[in-house]
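Novice: Using the sequences plus the hints, can you model the full thing?
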Amino acid sequence: MAANDLGTLQRELVPAAGPASVSHGTIVLVLAPGELATTARRLRDEFGFDILLDVTAVDWPNDELRFEVVHHFYSTAHRVRVRLKTRVGAAEPVVDSLGALYGSAAYMERECHDMYGIGFRGNRDLRPILLYEGFEGHPLRKDYPKLREQPLVAYREG
Amino acid sequence: MKPMDARSFPITPVAPASARTTKDAAFEYLTTRKDELIGWARKFSLFPYPFVTACCAMEFMAVSASPYDTDRFGAALPRFSPRQADLLMVVGTVTHKQAPILLKVYEQMCEPKWVMAFGVCASSGGFYQNYATLLGIDKIIPVDVYVPGCPPRPETVIDGIMQLQDKIARSRHPVVTERF
Numbered sequence: 001m002a003a004n005d006l007g008t009l010q011r012e013l014v015p016a017a018g019p020a021s022v023s024h025g026t027i028v029l030v031l032a033p034g035e036l037a038t039t040a041r042r043l044r045d046e047f048g049f050d051i052l053l054d055v056t057a058v059d060w061p062n063d064e065l066r067f068e069v070v071h072h073f074y075s076t077a078h079r080v081r082v083r084l085k086t087r088v089g090a091a092e093p094v095v096d097s098l099g100a101l102y103g104s105a106a107y108m109e110r111e112c113h114d115m116y117g118i119g120f121r122g123n124r125d126l127r128p129i130l131l132y133e134g135f136e137g138h139p140l141r142k143d144y145p146k147l148r149e150q151p152l153v154a155y156r157e158g
Numbered sequence: 001m002k003p004m005d006a007r008s009f010p011i012t013p014v015a016p017a018s019a020r021t022t023k024d025a026a027f028e029y030l031t032t033r034k035d036e037l038i039g040w041a042r043k044f045s046l047f048p049y050p051f052v053t054a055c056c057a058m059e060f061m062a063v064s065a066s067p068y069d070t071d072r073f074g075a076a077l078p079r080f081s082p083r084q085a086d087l088l089m090v091v092g093t094v095t096h097k098q099a100p101i102l103l104k105v106y107e108q109m110c111e112p113k114w115v116m117a118f119g120v121c122a123s124s125g126g127f128y129q130n131y132a133t134l135l136g137i138d139k140i141i142p143v144d145v146y147v148p149g150c151p152p153r154p155e156t157v158i159d160g161i162m163q164l165q166d167k168i169a170r171s172r173h174p175v176v177t178e179r180f
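Taken in sequence, the protein lines are chains A and B. Mapping of the first sequence onto this note's numbering: residues 1 to 158, in sequence order. Mapping of the second sequence onto this note's numbering: residues 1 to 180, in sequence order.
Treat the hints with care, since some could be wrong.
[Said to hold, decoys possible] With a Cα cut of at most 30 Å, we get these calculated DSS-like pairs of lysine-lysine:
| no. | chain 1 | residue 1 | chain 2 | residue 2 |
| --- | --- | --- | --- | --- |
| 1 | B | 139 | B | 113 |
| 2 | A | 146 | B | 34 |
| 3 | B | 167 | B | 139 |
| 4 | A | 146 | A | 85 |
| 5 | A | 142 | B | 34 |
| 6 | A | 142 | A | 85 |
| 7 | A | 146 | B | 167 |
| 8 | A | 142 | B | 139 |
| 9 | B | 167 | B | 113 |
| 10 | B | 34 | B | 167 |
| 11 | B | 97 | B | 113 |
| 12 | B | 104 | B | 167 |
| 13 | B | 34 | B | 113 |
| 14 | B | 104 | A | 146 |
| 15 | B | 97 | B | 139 |
[Claimed, not checked] Ranges of calculated distance between the beta carbons of each label pair, as one might list FRET restraints:
| no. | chain 1 | residue 1 | chain 2 | residue 2 | range |
| --- | --- | --- | --- | --- | --- |
| 16 | B | 79 | A | 151 | 48 to 58 Å |
| 17 | A | 148 | B | 150 | 40 to 50 Å |
| 18 | A | 46 | B | 153 | 49 to 59 Å |
| 19 | A | 91 | B | 142 | 40 to 50 Å |
| 20 | B | 112 | A | 136 | 54 to 64 Å |
| 21 | A | 91 | B | 132 | 19 to 29 Å |
| 22 | B | 57 | A | 94 | 52 to 62 Å |
| 23 | A | 121 | B | 110 | 51 to 61 Å |
| 24 | A | 133 | B | 110 | 23 to 33 Å |
| 25 | B | 29 | A | 136 | 51 to 61 Å |
By construction, these hints were calculated from the structure, which means they are not laboratory data. Since the structure is predicted, the reported quantities are computational estimates derived from the model, not experimental observations. All C-beta atoms in this analysis are idealised placements derived from N, C-alpha and C, irrespective of residue type, glycine included.
Specialist: Structure below.
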């Protein structure tokens with residue numbers, strides 16, 4: 001099942017997007033930033049991927065395109081997972097929001113924005129969801145100092 | 001001896017030790033006996049407020065339930081209003097985002113009050129050292145007894161309660177002070 005879907009997806013979905021592979025039973029597609037919204041729409045409407053499982057990112061500080069935004073989808077009909085990896089640079093780490101396609105995207109994109117500072121074009125509510133107002137920086141970026149604390153309550157003397 | 005009503009005690013500061021009279025010594029003796037009595041009463045009537053944030057909660061439930069039974073130490077009845085509690089049990093990891101809530105709960109408790117740091121996360125941050133975690137609740141509120149362990153065994157918690165009881169029994173318990 002997974003192998004067939006891999007062929008179909010690679011043939012129809014991402015002719016120019018680079019290699020697709022299967023990793024632990026998950027189909028992995030590597031996309032350019034402009035392809036994300038159209039790919040996600042086709043995944044949902046044509047291939048039956050009805051659940052957006054996760055939105056996260058990976059920080060590769062030495063790479064030219066520093067951030068890899070990762071979306072996971074699941075098809076309850078086919079019982080197949082798909083992972084989309086979208087590379088964006090540090091200067092403008094922005095991809096399209098999938099909030100119009102999946103309601104859950106709004107919250108997961110907020111978390112991704114908290115932790116990695118990824119912007120999501122079209123998501124107008126990127127307030128902190130796990131962090132707090134006033135938190136500076138993005139703690140899961142590799143250049144966030146490991147021991148940096150931003151306490152909300154003044155520490156006691158001594 | 002005059003009756004110990006409020007007017008017996010002057011509002012002015014206490015005289016230095018060299019100038020004290022026999023009456024002050026008698027007062028001091030009675031105060032000490034009173035402290036022992038009140039300490040004995042207070043150490044067996046701890047009303048805990050469980051500030052439970054993480055996995056140590058399972059151990060808190062275990063130590064509260066009948067096999068270990070903190071009721072034997074008079075510390076069984078959790079009060080879910082800080083205004084009715086005198087022992088703040090901080091059970092689990094406290095994050096920077098949660099620290100203002102913990103401080104507010106502590107400030108809402110009436111005197112006398114004591115704080116137990118339950119488990120290593122509350123005591124020192126435990127194995128967390130990152131952007132999110134408060135490295136020990138003693139950074140923001142005073143702690144009376146630390147219970148180590150991840151999570152602590154029920155025996156450790158009971159030992160902590162007993163140490164706190166000893167501390168309460170040994171403390172001064174001012175009921176009537178110079179300033180009221």
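Novice: Which constraints among the numbered hints does this structure fail? Numbers only, ascending.
Specialist: 2, 5, 7, 16, 17, 20 and 22
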